[in-house]
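J.: Sequence:
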Amino acid sequence: MRALVALSALLLTAAPLAAQQAPAQPTGLRASTTDPRASLKAGYLDAGVAIRNMELVSTTPRSAAFTNPANLGDFGFVNADLAFQKDYVFQGGYYGVQIWDVANPKAPTLVTAMACPGGQGDVSVHGNLMFMSVEETRGRIDCGTQGARDSVSAERFRGVRIFDISNITKPVQVAAVQTCRGSHTHTLLVSPRDKQNVYVYVSGTSPSRSPSELAGCDPRPDAPGSAYFRIDVIKIPLAKPSDAKIVNSPRVFADAAGNIAGLWKGGKLNATAQETAETDQCHDITIYAELDLAAGACSGNGILLDIKDPANPKRIGEVSDPNFAYWHSATFNNDGSTVLFTDEWGGGVSPRCRATDNLLWGGNAYYRLDLKTKQLTPAGYFKLPAAQGGQENCVAHNGSLVPVPGRDLFVQSWYQGGISVTDFTDPDNVREIAYFDRGPLNGERLVLSGQWSTYWYNGRIYGSEIARGLDILELTPSGELTQNEIDAAKLARVETFNPQDQRKVTWPAAFPVAKAYVDQLTRWGGMSAARLEAVTKQLAEAEAASGAARRTQLTTLAKALEQDARTATDAKRVKALAEVVGKLAAR
Numbered sequence: 022m023r024a025l026v027a028l029s030a031l032l033l034t035a036a037p038l039a040a041q042q043a044p045a046q047p048t049g050l051r052a053s054t055t056d057p058r059a060s061l062k063a064g065y066l067d068a069g070v071a072i073r074n075m076e077l078v079s080t081t082p083r084s085a086a087f088t089n090p091a092n093l094g095d096f097g098f099v100n101a102d103l104a105f106q107k108d109y110v111f112q113g114g115y116y117g118v119q120i121w122d123v124a125n126p127k128a129p130t131l132v133t134a135m136a137c138p139g140g141q142g143d144v145s146v147h148g149n150l151m152f153m154s155v156e157e158t159r160g161r162i163d164c165g166t167q168g169a170r171d172s173v174s175a176e177r178f179r180g181v182r183i184f185d186i187s188n189i190t191k192p193v194q195v196a197a198v199q200t201c202r203g204s205h206t207h208t209l210l211v212s213p214r215d216k217q218n219v220y221v222y223v224s225g226t227s228p229s230r231s232p233s234e235l236a237g238c239d240p241r242p243d244a245p246g247s248a249y250f251r252i253d254v255i256k257i258p259l260a261k262p263s264d265a266k267i268v269n270s271p272r273v274f275a276d277a278a279g280n281i282a283g284l285w286k287g288g289k290l291n292a293t294a295q296e297t298a299e300t301d302q303c304h305d306i307t308i309y310a311e312l313d314l315a316a317g318a319c320s321g322n323g324i325l326l327d328i329k330d331p332a333n334p335k336r337i338g339e340v341s342d343p344n345f346a347y348w349h350s351a352t353f354n355n356d357g358s359t360v361l362f363t364d365e366w367g368g369g370v371s372p373r374c375r376a377t378d379n380l381l382w383g384g385n386a387y388y389r390l391d392l393k394t395k396q397l398t399p400a401g402y403f404k405l406p407a408a409q410g411g412q413e414n415c416v417a418h419n420g421s422l423v424p425v426p427g428r429d430l431f432v433q434s435w436y437q438g439g440i441s442v443t444d445f446t447d448p449d450n451v452r453e454i455a456y457f458d459r460g461p462l463n464g465e466r467l468v469l470s471g472q473w474s475t476y477w478y479n480g481r482i483y484g485s486e487i488a489r490g491l492d493i494l495e496l497t498p499s500g501e502l503t504q505n506e507i508d509a510a511k512l513a514r515v516e517t518f519n520p521q522d523q524r525k526v527t528w529p530a531a532f533p534v535a536k537a538y539v540d541q542l543t544r545w546g547g548m549s550a551a552r553l554e555a556v557t558k559q560l561a562e563a564e565a566a567s568g569a570a571r572r573t574q575l576t577t578l579a580k581a582l583e584q585d586a587r588t589a590t591d592a593k594r595v596k597a598l599a600e601v602v603g604k605l606a607a608r
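Count along the sequence shown starting at 1, add 21, and that's the number in this note's numbering.
Here are the simulated DSS-like pairs of lysine-lysine, each with C-alpha atoms no more than 25 Å apart in a straight line:
(1) K593 to K558
(2) K335 to K286
(3) K266 to K191
(4) K525 to K329
(5) K107 to K525
Using C-beta positions, here's what the derived DEER-type ranges look like:
(6) E296 to D391: 25 to 35 Å
(7) A292 to D447: 24 to 34 Å
(8) A292 to K216: 49 to 59 Å
(9) N291 to P245: 30 to 40 Å
(10) R544 to K329: 33 to 43 Å
(11) N89 to A278: 47 to 57 Å
(12) T293 to S233: 39 to 49 Å
(13) S341 to A278: 13 to 23 Å
Honestly, the hints are just simulated from the structure, not real lab data.
We put the beta carbon where it would ideally sit given N, CA and C, even for glycine.
Produce the complete structure using the sequences and hints provided.
T.: Shown next as structure tokens:
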């Protein structure tokens, strides 16, 4: 959710948001009013539910200290983004951080509720360190809840906090790096080229503070030293995190002539386009260190960064889109050949999924990425297809890949539009394959709620619900996704997951992975039905065998599949299957 400066004072008073009338829209595609999600009963934990190809495992309400019972949508207590480590879910928010133990997903337990207000409170983790974004002027160096009321205050903190979480029940702040525009979000970069340090890319979206409060801050947008039109790079020595400091503030929007405001100036790209924000900030930056690339969603543009030198990211590409109001977040597919960007039209506090809203506005845009030339080429769009009411803030928001081998699946939050799972393997023809949605928090007026962020982590889907708490879900088998594909996805496990730090997904050589490929070949006719029937039988026989007999059967099958790939209509998938079977034989 981007900072809405003009509304911030109003929102922090905990006043409900009124239902809003749809503005005039150009003619075009519209969301369905007959979808089961379009007419759900309002309520808190008793709201109506529509669910397809998913199962809700549990909903755990916010801790009492992180709730205003008089107004469940109070902006000062909003749940925000998530990070993961081992059995812990770190849930950032406007009031601080809640840490949940989810070893038992049916009954998560609260480990820590650390009050430390100051904005979204986006979190990331690395080893025994936790990083937290702070942007609001009420943020204090000491994490106090009383705020910093003076216009210039030595007590104010806006930037990135660093905590030692060796004792996860009592995080200890070990560093606090001040920035001019605060930290709306941040991206933790663990570079394979630097084992001694980690880096944080800071995206500040608030107005700059005065140089009277923080030396070096220039709040003039048109000044050469302006605090706008840049990101900040913080370097954190792992041996001594307390020495963390800003080491660069690269002008990633500059043009060839050195003009720092070198990208989109704001306005419409054409007569029927969205009113797109000026590119003077990034909202989110997603890194893919194994590709030495980062994708930035930067208000008026999507950008591509070279991050070989982690302290000196360089812009190597940019795109614009007439359907985007505010470039919000980015995700690579696993092989890096597609980049998904989201548009947060309305800032996350407005109803933008109504039947009257354009289906090309406030959704996802997909771009093919040529990894040799680093060129981005536009492909398709996707927006939540189910109409939501005027009482439901709804627009595209945060999500992650679902690691099914052979497919590009994405689980995503839509605020009060709920959760969707889409297949963007073909980025020109994106399809929804699963969803979960509740009715509005309030049936008479818009009260802020819904899924802020939704991510896959080690076999389950976790949703940070703004007002209702923490949701945990699982995918269920269907014609769109088989049990073998779900089982294969569950084999892709990690110890730590920070959603803006994307890592290449790998799968072990295992029978569910091989059977997932067979299911896909069957679904899309990648080989003849007779040949697939034979392959399925051979795999089952090999799985039932052991020792030398299994190795012999798998080796024979792998060689045969390599031959099949020469004539199969889906040669790429058959080759992937042959590779897995070959690795199984070699175990």
